[in-house]
Amino acid sequence: MKHLITGDEAIARGAWEAGVRFAAAYPGTPSTEILENISTYSEIHSEWAPNEKTALESVIGASIAGARSLAAMKHVGLNVAADPFFTFAYMGVNAGAVVITADEPGQFSSQNEQDNRNYAKAAMTAMFEPSDSQECKDMLVEAFGISEKHDMPVLIRMTTRVCHSKSIVEFGERKDVPIKPYVKNIKKYVAVPANARPMKVKVQKNLELLKEYSNHCIWNREEIHDTKIGIICSGDCYLYAREVFGDSASYLKLGFTNPLPDQMIIDFAQKVDHIYILEENDPYLEQHVRALGIECDGKNLFPSNGEMTPEVIRQAVYGSEYPIDAELAEVVVARPPTLCAGCPHRGFFYELGKRKGVMVSGDIGCYTLASGAPYNAMETTVCMGASISLGHGAQQVFDTIEGEKPRVVSVIGDSTFFHTGINSLLDSVYNRSKLISVILDNRITAMTGQQENPGTGYTINREITEAIAIEPLVRAMGVQNVRTINPNKLDEVKETLDWALGMEEPTVIITRWPCALKKQAPWDLEEFTGAFTETYFVDEETCIGCRKCTKTGCPAVVFQFDKKKSSIDPDKCVGCSVCAQVCPVQAIQLMEA
Amino acid sequence: MSIKNILLTGIGGQGTILASKLLTLGLIDAGYDVKMSEVHGMSQREGPVLTHVRYGEKVFSPIVEKRKADIIMGFEELEVLRNLDYLRDDGKGIVIFNRVRVNPMGVQMGKEKYPTNGEVLIRERAGKLIALDGQAEARELGNPKVMNIILLGVLIKQLGLEDFDWNRIIAENVKEKFVALNQQALQLGIGFE
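The listed protein sequences derive, respectively, from chains B and A.
Residue numbering for the first sequence is 47 to 639, as defined by the working numbering.
Residue numbering for the second sequence is 109 to 301, as defined by the working numbering.
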């Protein structure tokens with residue numbers, strides 16, 4: 047039977063078929079759906095980890111304990127997990143282990159466009175690059191075999207299009223792979239220098255052996271048609287190249303890309319007149335091909351940023367123009383994403399945005415949208431957890447200047463706080479900066495689509511677990527000044543900001559109200575009584591058309607330009623009441639049930 | 109056959125994803141090779157959603173190229189305009205368009221203007237334009253949410269795929285209590301002219 051599924055779903059299916067027993071991940075676009083789908087297979091123990099580093103470390107443990115294991119993450123997640131990744135590559139596996147990296151050419155939802163193929167090379171692991179969903183599944187199954195045969199973790203590099211495009215997949219059956227016995231082996235699993243030196247030699251030898259595999263495996267293949275143009279490509283670039291050149295070119299399609307198949311590349315180069323290297327991001331293949339002494343066109347012709355779409359290829363090779371339709375370009379306005387109606391971040395950022403003399407250091411989550419209009423209340427975003435430590439450094443410097451000293455307010459979500467924000471807060475407390483850290487606790491990992499986290503009380507399979515309470519945690523870390531507030535109450539937000547700005551030592555504000563999209567837990571319903579059950583409306587008689595309510599940036603508030611009156615979309619409003627609190631004439635009122 | 113290129117565009121919550129899912133399931137049943145690509149990272153936050161669907165004997169790329177879309181089906185006017193440069197420019201492109209306007213934040217704040225001449229611009233560029241008030245049609249059926257399935261019906265008619273067993277596909281993929289309503293909505297769309 048044929049199934050039309052995404053690359054992420056295919057990886058999940060592949061994990062099941064390969065006999066995987068343990069999988070861990072931290073959510074991150076475009077990799078999130080991998081673990082979400084894996085968790086639907088009861089044979090695989092699945093876990094949301096607090097961050098990518100702990101996810102990979104638990105996978106290392108699971109592999110050593112004898113179970114085929116998998117960690118999935120977005121490209122920047124592998125930066126977080128890089129430390130264990132490099133050493134895991136040295137020590138190798140007991141049962142097979144695979145790391146999935148989901149890169150983002152084009153940066154649809156990421157802070158950078160790094161090319162994680164470089165990690166395979168730097169860490170010395172085998173690597174696959176699937177181009178469609180069938181390959182995602184098949185390569186993953188194969189990767190476990192490689193991992194066990196060559197005693198190394200294997201990296202699978204996907205990209206957004208591969209993760210999120212659907213194509214047809216034929217399913218296989220699950221292979222029953224029993225748990226391998228754990229054997230105490232200090233020389234293998236303790237990476238002290240004396241053990242690690244021979245480990246490196248072993249890895250290099252294993253990679254050398256894999257060159258033979260790379261030259262003969264089915265994942266690297268020639269397709270010889272017209273030989274005037276020869277294209278060397280990997281990942282989705284193969285699909286784009288086929289689309290543009292069809293049978294008017296020959297292809298060397300590379301699916302196993304570390305180590306690369308030198309002999310195959312040399313042979314292919316002899317069969318074709320001119321070589322194009324098509325790859326997204328870095329000249330990873332190109333540098334290797336050039337090092338073999340083969341002339342080619344690569345990044346001299348094709349861009350090293352964005353996606354290598356058929357349009358981009360046509361433009362580079364044929365100079366094809368896609369003239370901009372000026373008439374359309376003039377009228378089309380942007381539709382930036384906004385905080386949802388009822389989003390608990392709205393009230394807080396509405397107030398914070400009004401403060402003068404503060405610098406707001408931000409983090410990664412829905413609240414990053416507060417850097418845009420109408421709040422303009424976030425001034426830095428670097429990586430997960432950076433808000434607090436970056437803010438700490440900035441505050442330390444501000445405190446040394448003469449005259450008016452800006453105050454730094456760091457904002458971070460609950461999931462991001464658990465991810466790496468805890469370490470950052472330790473820095474601020476230990477080094478005594480008067481930083482104001484705000485933990486925006488909306489009781490869920492919202493940005494990536496409502497995943498559970500250590501604070502929610504549920505595991506990925508919605509089994510009940512310990513819900514880590516942020517306030518006691520923060521107090522235990524030595525913060526004396528802590529307040530937990532309801533961010534929908536603007537007076538409370540205002541008063542608490544005044545209080546915090548008056549402090550001369552580390553201060554923490556926790557805003558606690560659930561995400562409007564969250565499936566509420568029984569304890570949420572108990573704590574946040576009546577949340578999202580009410581609707582407000584605008585009394586047009588009273589409304590003076592001042593548009594203060596639209597400045598809250600709520601998508602439920604619609605200004606009727608013809609009538610010069612505001613209105614509220616009853617299908618969207620969930621009753622947070624922020625607009626009603628800012629209305630100067632009380633025109634926004636609660637609808638009676 | 110040559111490959112058909114279709115774009116479905118709208119904003120989060122309008123049901124583009126279900127509509128494209130049903131379409132592709134029908135296409136697979138009929139034995140086509142199908143590829144589909146979605147950009148929907150911000151769809152829950154009032155952001156745009158764009159779905160590419162390509163089908164034929166053998167499809168490589170999952171994305172439609174500019175000026176190559178045979179049909180653009182838009183659930184919202186501005187989103188049609190945003191993606192109109194995907195439409196083939198040989199006068200054979202079809203636009204199916206739901207007469208709905210949702211103000212983006214810039215318009216809401218009074219800093220930008222929602223295009224006033226959208227339908228004219230679409231008409232000038234499309235070989236064929238089918239405009240309908242999908243929400244009103246859906247409301248008449250009893251639930252404004254089936255707007256997406258009405259539009260899907262219109263699309264299916266334009267693709268000449270109305271003979272597939274869509275009733276079964278709906279029955280297998282929609283919650284039981286909504287099956288009949290969705291089947292009705294699809295027929296309404298197929299019959300729309």
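Be careful, since some hints might not be right.
As the list claims (entries may be wrong) - Once the Cα atoms are required to be at most 25 Å apart in a straight line, the calculated BS3-like pairs of lysine-lysine come out as:
id : chain 1 : residue 1 : chain 2 : residue 2
1  : B       : K609      : A       : K129
2  : A       : K253      : B       : K48
3  : A       : K285      : B       : K609
4  : B       : K618      : A       : K219
5  : B       : K610      : A       : K219
6  : A       : K265      : B       : K565
7  : B       : K402      : A       : K219
8  : B       : K195      : B       : K274
9  : A       : K219      : B       : K564
Treat the hints as calculated values from the structure; they're not laboratory data.
Because the structure is a prediction, the values reported are computed rather than measured.
Take the C-alpha atoms of K285(A) and K609(B), compute the straight-line distance between them, and say whether it is at most 25 Å.
violated (40 Å)
Quickly compare the C-alpha distance for K265(A) and K565(B) to 25 Å and report which way the hint goes.
violated (38 Å)
With a cut-off of 25 Å on the C-alpha distance, tell me whether K610(B) and K219(A) pass.
Roughly 15 Å separates the two Cα atoms, so the pair holds.
Does the structure keep K609(B) and K129(A) at a Cα separation of 25 Å or less?
violated (40 Å)
Given the hinted pair K219(A) and K564(B), is their alpha-carbon gap at most 25 Å?
violated (32 Å)
Is the Cα-Cα distance between K195(B) and K274(B) 25 Å or less?
violated (39 Å)
Run the distance test for K618(B) versus K219(A): straight-line Cα separation, threshold 25 Å.
holds (23 Å)
Decide if the proposed pair is consistent with the structure: K253(A) and K48(B), CA atoms, cutoff 25 Å inclusive.
Not satisfied, since the Cα-Cα distance of roughly 30 Å exceeds 25 Å.
Distance restraint between K402(B) and K219(A), which requires alpha-carbon spacing of 25 Å or less
Holds, at roughly 23 Å.
Comparing the model with each earlier hint shows violations of hints 1, 2, 3, 6, 8, 9; every other hint is respected.
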